[in-house]
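Fit chain Y to the supplied structure of chain L, relying on the hints for placement.
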Amino acid sequence: MATLNILVAVCLIYVTFLFVVAFAAERAAKQGHGGWLRSPLVYTLSLSIYCTAWTFYGAVGYAARSGLEYLTIYIGPSLVMVGWWWILRKLVRIGRSQRVTSIADLISSRYGKSNLLAVGVTLLAVIGTTPYIALQLQSVTLSFDVFSGSNEVAGSIVDRDSTALWVAMGLTLFTIVFGTRNLDVNERHHGVVIAIAVEAIVKLFALLAVGVFVVWGLGGGLSETLQRIDASEIGMWEMRGDRWASLIFLSAAAFLCLPRMFQVMVVENDHESYLRTASWAFPAYLMVMSLFVVPIAVLGLDILPEGSNPDLFVLTLPLATGREGLAMLSFLGGFSSATSMVIVASLALSTMVSNHIVMPIWLSATGGGAKISGDVRNVVILSRRLSIAAVVALGYLYFRLSGGGTALASIGLISFAGVAQFLPVLLGGIFWRGATRTGAFAGLSVGFLVWAFALLLPSFGSGVLISQSVMDNGLFGLAWLRPQAFFGIEGMDPLVHAVMWSISLNTLVFFVSSLVGFPSPLERLQGAQFVNVYEHSRRPQGWSGSAAQSEDLMIMAQRILGAREAQNLFEREAQRQGVSGYLPDPSPDFLQILERELSGSVGAATAHAMIGQIVGGASVSVRDLMAVADETAQMMEYSSKLEAKSEEQARTARQLRQANEKLTQLSVQKDAFLSQVSHELRTPMTSIRAFSEILRDSEKLSGQEKVKYSSIIHDEAIRLTRLLDDLLDLSVLENGQVNLNTQTGVLVDVLDHAISSALTGSSDTRLTVRRRKSHEVVHMTTDLDRLAQVFINLIGNAQKYCDADPAELTINASLSQGQMLVDFIDNGSGISKEDQAVIFEKFARVGEMKAGGAGLGLAICREIMARLGGSVSYLPGQGGAAFRVILPLAASKTTL
Amino acid sequence: MTEGHTPLFHERKSYRRRRLIDMIRMLPLIGAFLWAVPLLWPSGKDSATPTSLAIIYLFAVWLGMVLLGALLARLLKKAEDQDPDRGT
Chain L
42 MATLNILVAV CLIYVTFLFV VAFAAERAAK QGHGGWLRSP LVYTLSLSIY CTAWTFYGAV
102 GYAARSGLEY LTIYIGPSLV MVGWWWILRK LVRIGRSQRV TSIADLISSR YGKSNLLAVG
162 VTLLAVIGTT PYIALQLQSV TLSFDVFSGS NEVAGSIVDR DSTALWVAMG LTLFTIVFGT
222 RNLDVNERHH GVVIAIAVEA IVKLFALLAV GVFVVWGLGG GLSETLQRID ASEIGMWEMR
282 GDRWASLIFL SAAAFLCLPR MFQVMVVEND HESYLRTASW AFPAYLMVMS LFVVPIAVLG
342 LDILPEGSNP DLFVLTLPLA TGREGLAMLS FLGGFSSATS MVIVASLALS TMVSNHIVMP
402 IWLSATGGGA KISGDVRNVV ILSRRLSIAA VVALGYLYFR LSGGGTALAS IGLISFAGVA
462 QFLPVLLGGI FWRGATRTGA FAGLSVGFLV WAFALLLPSF GSGVLISQSV MDNGLFGLAW
522 LRPQAFFGIE GMDPLVHAVM WSISLNTLVF FVSSLVGFPS PLERLQGAQF VNVYEHSRRP
582 QGWSGSAAQS EDLMIMAQRI LGAREAQNLF EREAQRQGVS GYLPDPSPDF LQILERELSG
642 SVGAATAHAM IGQIVGGASV SVRDLMAVAD ETAQMMEYSS KLEAKSEEQA RTARQLRQAN
702 EKLTQLSVQK DAFLSQVSHE LRTPMTSIRA FSEILRDSEK LSGQEKVKYS SIIHDEAIRL
762 TRLLDDLLDL SVLENGQVNL NTQTGVLVDV LDHAISSALT GSSDTRLTVR RRKSHEVVHM
822 TTDLDRLAQV FINLIGNAQK YCDADPAELT INASLSQGQM LVDFIDNGSG ISKEDQAVIF
882 EKFARVGEMK AGGAGLGLAI CREIMARLGG SVSYLPGQGG AAFRVILPLA ASKTTL
Chain Y
1475 MTEGHTPLFH ERKSYRRRRL IDMIRMLPLI GAFLWAVPLL WPSGKDSATP TSLAIIYLFA
1535 VWLGMVLLGA LLARLLKKAE DQDPDRGT
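Going down the list, the protein sequences come from chains L and Y.
Just so we're aligned: the first sequence equals residues 42 to 937 in the numbering used here.
Just so we're aligned: the second sequence equals residues 1475 to 1562 in the numbering used here.
Calculated directly from the structure, the hints in this document are not laboratory data.
No experiment lies behind these values; they were computed from the predicted model shown.
Be aware that one or more of the hints could be misleading.
Claimed, not checked - Only some residues are given here: those of chain L computed to face chain Y with a beta carbon under 10 Å: (1) Leu-109; (2) Trp-285; (3) Ala-286.
From the three backbone atoms N, C-alpha and C, an ideal C-beta is built for every residue, glycine too.
The following block holds chain L by itself, in its conformation from the complex:
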């Protein structure tokens, strides 16, 4: 058992190492210097999750049983990669332009954003992947058995099950921690991808090490090894052409359709040009991976005793020759292959299950997608986590039920044939505009049924799930429906038979149903989008969004994308439209972009439905339909130009109106301010004059009275000074003549100072301040006094103007792209839209001067922040008045 303990220790160390790597990658990405995390090399390595434990252990077993046939499994993907220009490039382009989150999302999105189709694809993917996950667990437990030497011990079954359970739980934990840490709009997971790239190197290195040892250590050199190969059981090239061809086809199809491959290849792809490198680098990886398989198989057959499991030669060969260290390395290689596959597969499947099954059910159960309260992201993340656990649990269950007896290769091939059923629908969807949802549904159903009937059910053994009489006489006694001899054609290899019939019937039904049916407008629109993805870099517009309210949209978007991302998106779009602030016009363009962003988080179908609820019905306009019909392209172009022009004019008019309103308001304010200033100056002046006259003229004043009057004079003079100071401060700031006193400090101290001076200065401290100090430990180099002045002003405003009872002020600090964001959000009634436009102007005051003050505070804040290289702005849609202070972390470049 000593070896077992060492083994467990090595596993734990290795897993900890992966955690650290993934964590470091996430951290680097978050701090904005994660450029190296995304490179063609990492992309290529992440593709290597194609090589699972099936490759690592199973390929040798496969070669020992059927010679060079194992190569088909790697030749297929190599062809797909080398032929990237045909299919992959288009898939990646579509994936990026449509923000596709999974293969189910792609198919559902192409066929009119049909959720029913997405549900179907998801279920098929789960059914097809479960045996595969079981296979990984099986291989890990087998390799554990080999090491612990408990292979022959009767009680080892219990151990096996608990090993598998531990592995399953560990993997679930890892996937949950790094796969659902945040709801990324792009659905990209830096930590996971880096961990997988590392695992790719580990498994390649391990297999190469074993191979080199076998060829040069055991085989006695290259030429001798080749001679040994020729002398072995698999020494002659005897290939069945049907299996050779159909397995190459099958592996190529599976490479495109496996949910986990789709995840790393399309969803996690960061740049289209990475494909160019991966197109040759990944075939090279596969080539090297399969290079030493035959030598290992042949020497294993040669050296190891009769009846040893060839699936484990990679481990047992070094062990039998006393190379414990090499065996340990090889074990780690197998362990990495298994773990990386389970992690990505469960991640990909959980996205599908959560987006297409859990979320729609949850949304309809809570009654109405848009009006939901609370942060939807928590629900999404929770449902992802549960889905991950469920997917891995299914794999574990399958492992327990199947007893782990079948050879690795055959389970893998059944799984491949299952997911390959997506191929006709996928390729039809991206190359043929005539493909329809009905066709896709019918084709998938037929293909899946044939696969289940001809391959999956018989694989459990006759009499288990499918009776012997059905096997012999066909379903319902119909001889042409025998699971392994459709239409009475006997003598075919069962796998070739199942693949050929399922794929060809699938394609035929898909094609004919598409021809006969008639697609809905949305399907036709999406069809044109997908098939002509290179021409349409812009989507035709599907929303007529005049009724939509930007603020409602913002509230919804914040709940799904998270406050920060939503605000960034809205601000960016507003800027693009030339509108200031955070609320862009709900133009069709903007709605389209918003929908695409949302679909990155919850899938196309759900996002479409949610926007539809706010905007009040999606519309495929006449113009969109004309875009589909090519013959009217010119007319469309002309009319769209006109439309664009009139839209632009409308926008310009709106902006002009805005500007005009602002000007009028400003002039009114200026008048008001002048009178206010004169009033403010006059009141203290009057009392100063009055009391100084009293002091001068009255002789009978007591000492006490003198003190009283002179302190009134003093107070009034201070008030005057303060007013003049403010005015002076502002004019200095505006003229840029200010000297900054740059210091280094921590945000939390500045806030502490600001809060205490803002709140203790006044007798009325009814304001409660909520903070998360752990987020405020940010070091920065700037003028801390000036920054504190801004904070004091914002806190003071909240204290003065917040009309809620009890009044609360929430201060959120966070980091984003090298910038520090500090939000001040109170729970009052907020600031009306008209006032939002002017509060930062000089002399502006909200309401009827109820709190005194000259209206200079926010204007000064804005000037200060501008000097510090940051900004302060009003943040709409937060429930109360909210201000955001943005400050760059790097020392500000202001030299003034």
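Chain Y in isolation, oriented as in the chain L frame:
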């Protein structure tokens, strides 16, 4: 770029780039053909090809595909850097 407005002839650089892409498109077909060749080899106990030869052949094709693929990818990158006209 836009539909219906693609010119009939392209300048020389564009032309070269297009032929390069044709070659990239052709590569998998060549690979599929070469990898199917072993199926034509004689089988049977006496005349069958030894596995070592089959391995050498299959991996040689593989290596050839990788090298050619790498070369084409390089050329394409160069061509795209020079030629801003990315119409396909």
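Review point. Does Leu-109/L pass the interface check with chain Y, least Cβ-Cβ distance below 10 Å?
Key: 6 Å, holds
Practice item. Verify the interface restraint on Ala-286/L: the C-beta must sit less than 10 Å from at least one C-beta of chain Y. Key: 7 Å, holds
Practice item. Go through the hint on Trp-285/L and say holds or violated, using the shortest Cβ distance to chain Y against 10 Å. Key: 6 Å, holds
Comparing the model with each numbered hint stated earlier shows that all of them hold.
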